[in-house]
Amino acid sequence: MFPHYLFIQLNEDSNWRVIRSTRGVARVVSFNGQPCPVPEGIVTGLQERCAELNSIEPAQLYKPGDTAFITEGCFKDLEAIVQAVKGEERVILLLNLLNRNQTIEIPLGAISCTR
0 MFPHYLFIQL
10 NEDSNWRVIR
20 STRGVARVVS
30 FNGQPCPVPE
40 GIVTGLQERC
50 AELNSIEPAQ
60 LYKPGDTAFI
70 TEGCFKDLEA
80 IVQAVKGEER
90 VILLLNLLNR
100 NQTIEIPLGA
110 ISCTR
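Residue 69 in numbering that gives the first Met the number 0 sits at position 70 of the sequence shown, with consecutive numbering throughout.
One thing to keep in mind: the hints can contain errors.
No farther apart than 30 Å at their CA atoms in a straight line, the calculated lysine-lysine pairs in the DSS-like style are these [stated by the list, open to error]:
hint: 1; residue 1: K85; residue 2: K75
hint: 2; residue 1: K75; residue 2: K62
hint: 3; residue 1: K85; residue 2: K62
Hints were generated in silico from the structure; no laboratory data involved.
Construct all of the structure, not just a fragment, from the sequences and the given hints.
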């Protein structure tokens, strides 16, 4: 749901600056140099929503005509239209390249319904 984000719980006294030096951490979401707390209720809601999404097969998330955004590969960040879902792992997309519609087939994991 939030790629590259990690939600952690720390005591106010904890040294959160150590997290910034952890491999893979780009930055800590903060305002005025202080980490931005996320209320526990929001985190719980996100966890519940993720559990719901994980119970849906990826192939069921998309249907022909849906708009999808490519998240990986040479077409990353381009918008396409779902033509068909092929099995459990691939999707066929209609992509406008140089004012021509092209059909491409890519892994389901390489698209998202949001940018």
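Comparing the hints with the structure gives:
About 20 Å separates the Cα atoms of K85 and K75, which keeps this hinted pair within 30 Å; it holds. A C-alpha spacing of about 20 Å is found between K75 and K62, which places the hinted pair at or below 30 Å, so the restraint holds. Of the pairs offered as hints, the one joining K85 and K62 holds, with about 11 Å between alpha carbons and a cut-off of 30 Å not exceeded.
Against the hints set out earlier in the document, no violation occurs for any number.
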